[in-house]
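Engineer: Required output: the full structure, derived from the provided sequences and hints.
Heads up: the sequence shown at position 1 corresponds to 195 in our numbering, and the numbers run straight through without jumps.
Source of the hints: derived by calculation from the structure; they are not laboratory data.
Hints may contain errors.
Stated by the list, open to error - Beta-carbon label-pair distances, calculated as ranges:
| id | residue 1 | residue 2 | range |
| --- | --- | --- | --- |
| 1 | G306 | Q439 | 56 to 64 Å |
| 2 | S355 | A324 | 27 to 35 Å |
| 3 | E334 | K435 | 18 to 26 Å |
| 4 | K349 | K254 | 36 to 44 Å |
| 5 | A222 | N281 | 26 to 34 Å |
| 6 | N398 | S355 | 49 to 57 Å |
| 7 | N388 | K435 | 27 to 35 Å |
| 8 | Y288 | T350 | 43 to 51 Å |
| 9 | T221 | E293 | 20 to 28 Å |
| 10 | E293 | E394 | 35 to 43 Å |
| 11 | L437 | E314 | 40 to 48 Å |
| 12 | R384 | P339 | 14 to 22 Å |
| 13 | E200 | N431 | 23 to 31 Å |
| 14 | L401 | T221 | 18 to 26 Å |
Beta carbons: idealized from backbone N, C-alpha and C, even for Gly.
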Amino acid sequence: MEIIEEYEGLKVGEIVRKNPKAAEVFTALGVDFCCGGNVAFTQVCDKKGLNADKVWEEIKTKSLTVNTASLDFDSFDLDFLADYIVNVHHQYLYKNLPEIRFFVDKVFHKHGEKFDYLPELHELYNALEADLMGHLPKEENVLFPFVKQMVQDLKTNKAPSSPFFGTVNNPIHIMHNEHEEAGTILHRLREITNNYTAPEEACNSHLVMLDKLKDLDSDLIQHIHLENNILFPKVINLEEKYLAQ
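Structural biologist: Structure below.
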């Protein structure tokens, strides 16, 4: 079988869903697999001037080194996956956003005139933090409780109920849009910081700020991937089954 037959027709989000280690390869190549997860692998490679066969071989090599303890998110029950996202990724944001805010403010006010990218970074972080703090409650109080209700009702053969938001497609559409906005901000943060590389004259607080932003970027990419490429598509299918019972 020719190597192209192994990946022909696959989308980047689908590849990461089946092989989470592919995320490392895509991240190194600047391939967006969360918000851009619905784009064909071959199309992304063509657009970026990448040799698709070589990228695929690198992904396969990575898969051979996957830790057997790695989590298979695609096999999680949806109620468990929703809880996992809240307990891991939402809690990460609640804990770390205020800490990052402290360093972003401190570095901006002390060195905003010295490093020309800091005013924009400060503005971008303000927007990202505000967006996220408005985004998380929508998942925790609107979509995720109904996901867990559907799972439980299907287990007990309970008649379906209608949520106030109509269909899950409505909040999911909003979530997708907000993920897109967060992804755009992250992309710009990477650009203006040269992928969170500290300037030569950066102080320790500056270094810590960039390190924390890099960690935030990494966590958000995984967070958005789990929702866009695994949870949301399965929730839409679950609702169809739920309404048909």
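Engineer: Hints first: check each against the structure and report whether it holds.
Structural biologist: For each hint, the structure was consulted:
1. G306 - Q439: 56 to 64 Å: Taking Cβ atoms as reference, G306 and Q439 lie about 58 Å apart, which means the hint holds.
2. S355 - A324: 27 to 35 Å: 33 Å Cβ-Cβ, so the 27 to 35 Å window holds.
3. E334 - K435: 18 to 26 Å: 24 Å, holds
4. K349 - K254: 36 to 44 Å: At 38 Å between Cβs, range holds.
5. A222 - N281: 26 to 34 Å: Once the Cβ atoms are compared, 28 Å apart, the range 26 to 34 Å for N281 and A222 holds.
6. N398 - S355: 49 to 57 Å: 54 Å Cβ-Cβ, so the 49 to 57 Å window holds.
7. N388 - K435: 27 to 35 Å: About 47 Å separates the Cβ atoms of N388 and K435, which means 27 to 35 Å is violated.
8. Y288 - T350: 43 to 51 Å: Hint violated: Cβ distance 32 Å, outside 43 to 51 Å.
9. T221 - E293: 20 to 28 Å: Holds, since T221 and E293 (Cβ atoms, about 23 Å apart) stay within the stated range.
10. E293 - E394: 35 to 43 Å: Taking Cβ atoms as reference, E293 and E394 lie about 25 Å apart, which means the hint is violated.
11. L437 - E314: 40 to 48 Å: 46 Å, holds
12. R384 - P339: 14 to 22 Å: Given range 14 to 22 Å: violated, Cβ gap about 34 Å.
13. E200 - N431: 23 to 31 Å: For E200 and N431 the Cβ distance comes to about 26 Å; the hint holds.
14. L401 - T221: 18 to 26 Å: With a Cβ separation near 21 Å, L401 and T221 satisfy 18 to 26 Å, so the hint holds.
The structure is inconsistent with the numbered hints 7, 8, 10 and 12, although it conforms to all the rest.
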